[in-house]
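Chain by chain, the residues:
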Amino acid sequence: MKSKPILITALCCSLIGVVYVSSGLYIQAKALLAQYLLQDAWAQTLAGRARVKPWSWADTWPVARLQYAKGKVDLIVLEGASGSSLAFAPGHLQGTVKPGQAGYSVISAHRDTHFGFLKNIVKGDVLTLQDPKGAGHEYEVITTEVVQSHQARLPTLKGNKGLMLVTCYPFNVVRAGGNLRYIVYAEEKPKDIDV
Amino acid sequence: MNNNCEQQFTVDFILGICMSILAGLFASMILMTLVMLLPAKVHASEPDNKGINIVKKSEMASGSLLFKTDNLGEYYLAPTLKTDVHMRVNGMVVRTKVVQRFKNNGQTWVEGIYVFPLPEKAAVDHMRMKIGERIIEGKIKEKLEAKKIYAKAKKEGRKASLVEQERPNMFTNSVANIGPGETIVIEIEYQQSLKFDKDVFRLRFPLVVAPRYIPGNSIEVVENVSNFTGSGWASNTNQVKDASRITPPVAHPIMGKLNPVSIQIDLNAGFPMKLVQSSYHEIDKDIKSEEHMIITIKDKEIPADRDFELVWKPNSGHMPRAALFNEQKENERYMMLMVMPPDYKQTVQQALNREVIYVIDTSGSMGGTSIIQARRALQYAIKDLKPGDYFNVIQFNSVTTKLFEYAVPADQVNISQALSYVSALKATGGTEMASALHAALKNNESSGLLRQVVFLTDGSIGNEDSLFSIIKNKLANSRLFTVGIGSAPNSHFMNKAAQFGRGTYTFIGNLSDVDEKMSNLFKKIKAPLLTNIKIQWPTASKVEMWPQRVPDLYAGEPLIISAKTSNLKGNVIITGKRQQQEWKMSLPLVTTTQSNGMGVLWAREKIAHLMDKLHDGTGEDVIKKGVVDVALKHHLVSKYTSLVAVDVTPSRPTAEELKKHAMKVNLPAGWKYGKVFGSLPQTATDSIWDLLLGFLMIILGCALALFYQKESRNEI
Numbered sequence: 684m685k686s687k688p689i690l691i692t693a694l695c696c697s698l699i700g701v702v703y704v705s706s707g708l709y710i711q712a713k714a715l716l717a718q719y720l721l722q723d724a725w726a727q728t729l730a731g732r733a734r735v736k737p738w739s740w741a742d743t744w745p746v747a748r749l750q751y752a753k754g755k756v757d758l759i760v761l762e763g764a765s766g767s768s769l770a771f772a773p774g775h776l777q778g779t780v781k782p783g784q785a786g787y788s789v790i791s792a793h794r795d796t797h798f799g800f801l802k803n804i805v806k807g808d809v810l811t812l813q814d815p816k817g818a819g820h821e822y823e824v825i826t827t828e829v830v831q832s833h834q835a836r837l838p839t840l841k842g843n844k845g846l847m848l849v850t851c852y853p854f855n856v857v858r859a860g861g862n863l864r865y866i867v868y869a870e871e872k873p874k875d876i877d878v
Numbered sequence: 017m018n019n020n021c022e023q024q025f026t027v028d029f030i031l032g033i034c035m036s037i038l039a040g041l042f043a044s045m046i047l048m049t050l051v052m053l054l055p056a057k058v059h060a061s062e063p064d065n066k067g068i069n070i071v072k073k074s075e076m077a078s079g080s081l082l083f084k085t086d087n088l089g090e091y092y093l094a095p096t097l098k099t100d101v102h103m104r105v106n107g108m109v110v111r112t113k114v115v116q117r118f119k120n121n122g123q124t125w126v127e128g129i130y131v132f133p134l135p136e137k138a139a140v141d142h143m144r145m146k147i148g149e150r151i152i153e154g155k156i157k158e159k160l161e162a163k164k165i166y167a168k169a170k171k172e173g174r175k176a177s178l179v180e181q182e183r184p185n186m187f188t189n190s191v192a193n194i195g196p197g198e199t200i201v202i203e204i205e206y207q208q209s210l211k212f213d214k215d216v217f218r219l220r221f222p223l224v225v226a227p228r229y230i231p232g233n234s235i236e237v238v239e240n241v242s243n244f245t246g247s248g249w250a251s252n253t254n255q256v257k258d259a260s261r262i263t264p265p266v267a268h269p270i271m272g273k274l275n276p277v278s279i280q281i282d283l284n285a286g287f288p289m290k291l292v293q294s295s296y297h298e299i300d301k302d303i304k305s306e307e308h309m310i311i312t313i314k315d316k317e318i319p320a321d322r323d324f325e326l327v328w329k330p331n332s333g334h335m336p337r338a339a340l341f342n343e344q345k346e347n348e349r350y351m352m353l354m355v356m357p358p359d360y361k362q363t364v365q366q367a368l369n370r371e372v373i374y375v376i377d378t379s380g381s382m383g384g385t386s387i388i389q390a391r392r393a394l395q396y397a398i399k400d401l402k403p404g405d406y407f408n409v410i411q412f413n414s415v416t417t418k419l420f421e422y423a424v425p426a427d428q429v430n431i432s433q434a435l436s437y438v439s440a441l442k443a444t445g446g447t448e449m450a451s452a453l454h455a456a457l458k459n460n461e462s463s464g465l466l467r468q469v470v471f472l473t474d475g476s477i478g479n480e481d482s483l484f485s486i487i488k489n490k491l492a493n494s495r496l497f498t499v500g501i502g503s504a505p506n507s508h509f510m511n512k513a514a515q516f517g518r519g520t521y522t523f524i525g526n527l528s529d530v531d532e533k534m535s536n537l538f539k540k541i542k543a544p545l546l547t548n549i550k551i552q553w554p555t556a557s558k559v560e561m562w563p564q565r566v567p568d569l570y571a572g573e574p575l576i577i578s579a580k581t582s583n584l585k586g587n588v589i590i591t592g593k594r595q596q597q598e599w600k601m602s603l604p605l606v607t608t609t610q611s612n613g614m615g616v617l618w619a620r621e622k623i624a625h626l627m628d629k630l631h632d633g634t635g636e637d638v639i640k641k642g643v644v645d646v647a648l649k650h651h652l653v654s655k656y657t658s659l660v661a662v663d664v665t666p667s668r669p670t671a672e673e674l675k676k677h678a679m680k681v682n683l684p685a686g687w688k689y690g691k692v693f694g695s696l697p698q699t700a701t702d703s704i705w706d707l708l709l710g711f712l713m714i715i716l717g718c719a720l721a722l723f724y725q726k727e728s729r730n731e732i
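Top to bottom, those sequences are chains Z and D.
So the first sequence is numbered by the numbering used here: it starts at 684 and just counts up by one.
So the second sequence is numbered by the numbering used here: it starts at 17 and just counts up by one.
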């Protein structure tokens, strides 16, 4: 029975492992399941109700639906980019224009949940955004870049509407934290006057 | 037997792993249902200035002409020859002409896109493009129409230029069909009014994308105001009057370091001046008279690496007390009225005792560094209280909690109790702001104390409109000062709440800014000079006045009103409350002199206020119509109107290859940055780490179990 400590260690290791796996799965599951819960709130928003809280104690509400057909991505976007809303959905950064309106709208999400697909996006890709009135907007990806999080600024918009998608960089780092952000700039496809 | 045991063990082992995973899944599901909606564990990112800077195009110096090359996405910089800035100061109005000379050194025809910053609320009303001897005057058009005109001219090989507003303080100029070896001269003119604060006039010209600019206190003016004869010197609306309210988190980008700038200022103050100083550059003064001098930069040209600022003040005995400026334009009279409330120094000494209600947002969105900033700011504020003041602390998340039932005297005991209360504040829960506002604005009966509500929040709420109406209806004698916390507070809400609350908005983006920003705020609000200001125009006159609701005046601030009237007879009466006393001033609306530019400044002011309404829920169509009407009439660039200039004759043979270089007008050539909004949110979780670590631990556990199995078998 001298090997009893080994058994205890084995149990402890497994237990800790289970806790960690649970916590990791919890984050992933929350991100995944919340999107389903949000669909109802989004349907109500489209039906004309403003600021539909997806659950009674929520601090946020859906503001847009973002689709990237190429990557089969379909996400409901919540208002605010605080930790509590990003856990469930991409968040619209308050203080920037509302998605679908004139100007640059900034949407951010976690790289290991909703915005993992950004790493596959290339120039010329099309992103579709549905605003709360149900209107669709098509954005074309213009460029991507990596910036320091505290140095990010809104670029000058030459067209009318722009979309700036933000997530953490690099993509393959396992831990949170870090100072770099990956930014995808997209502009509404010009409809007129271009030569 | 042994074999059997082996098999048995393998099955156990696999089962064990499966069970672990299932247990993990199960546990996570349980957790999920229990705490489904608690915030994920998110690590606050530490600012790291040593980090690599992988900014690509964003590194381009601002204010340079960028040209597209044959390779998509690549640009080369046109050599910048020179920038000349000519400013004419007349009383309180400045007319500035910015002349940029660029040369196309390439072998092909090009289209250039030029991005440049101007002072906030600059009223850009003229643009001229000179190519060789040709002068092309810009015309004001609706934005889309201007774009079309430009695109057409470009296609036809005609030289054309288009000035558009990107931000109120940032403009873009596109120039088409610049021939090989040609020099382009772009002249932009704008009107602006001066900032007049604490007896000092300030004139700034943005020259650089700089770390935050801090208005210098370099000149402390100690002076007694004697009688002022309120006539004569020309002036204009002080467009920067709300600069303190909108402390912008933005430095204005300007010309890059390579771009030498010369500045000449024709300073005609309209009164004897003293202490004319440049804050950051050495200057030469050519003194024409005690009222008039010509200022140039000593080194003739300066690298554009910091903003230029000139300050001056009236000589004693000539301190302006009131001024009225007037311009007759197409049957309309435009006026700017400036009134300096008497003797602010005295008032500073007799600062009123205050009742300050601090309200702090402790909702979930304030988590992380925001709550730390907020706590720090609040502690600063509480320590700033003076004996005789009363105060209370209210925190709100899903519920509203008061520290004291009523406001209590700011004595040692109460202050230390409040400080420890504040240091224990945690961020969690919802943002039920309405009840907090009700609580803060209650007990509003006049106690003789100056009642101020300082509201610290990130404003992440959606019911702005109902909150605004609470503020409007319940404000009474209180004043609401909003303090925006965190990387991206809802600044529209903050600004509007402060406007309805007749206070100011302060933005704190960084922990390191807290002390400075809070101390500036408190210096100011300790001594409001004049409250309840009302303007009475002569009856029967039709007046359109901006701002429509006059804010309180704080120490050193002048009251500035822009108005359009039909009738200019009689007196305008300004009333207000100055420390329990009624204050009244009557000014005859008789003017002798015509001051140019009043109309433009009035129009710019009106546009600014119309644009504000975007956040009131007014439809953009309505606002756009209003703005376009005003802008077209006054020849102003705005969000919806642009200046466009087109040459009469084509210069580029259509066979030649402009298209190659400039296929699309609308490509964002200059990635200039209009607005800094602090740090981006944290956008990663530890989920992958947790999963990896967890699986590793489970595997380790299983391996140990395997080892144990073997050991025990050996023992048998």
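The hints are simulated quantities; they were obtained by calculation from the structure and are not laboratory data.
Don't take every hint at face value.
Below, simulated DMTMM-like cross-link-like pairs (lysine to aspartate or glutamate); rule was C-alpha separation at most 25 Å, straight line [to be verified]:
1. Z:736 x D:480
2. D:155 x D:198
3. Z:781 x D:637
4. D:533 x D:560
5. Z:872 x D:637
6. Z:872 x D:198
Hints and how they fare:
1. Z:736 x D:480: 16 Å, holds
2. D:155 x D:198: Holds, because 23 Å separates the two Cα atoms, which is no more than 25 Å.
3. Z:781 x D:637: 16 Å, holds
4. D:533 x D:560: 35 Å, violated
5. Z:872 x D:637: Since the Cα atoms of residue 872 of chain Z and residue 637 of chain D sit roughly 22 Å apart, the hinted pair holds (cutoff 25 Å).
6. Z:872 x D:198: 33 Å, violated
Hints 4, 6 from the earlier list are contradicted by this structure; the remaining hints agree with it.
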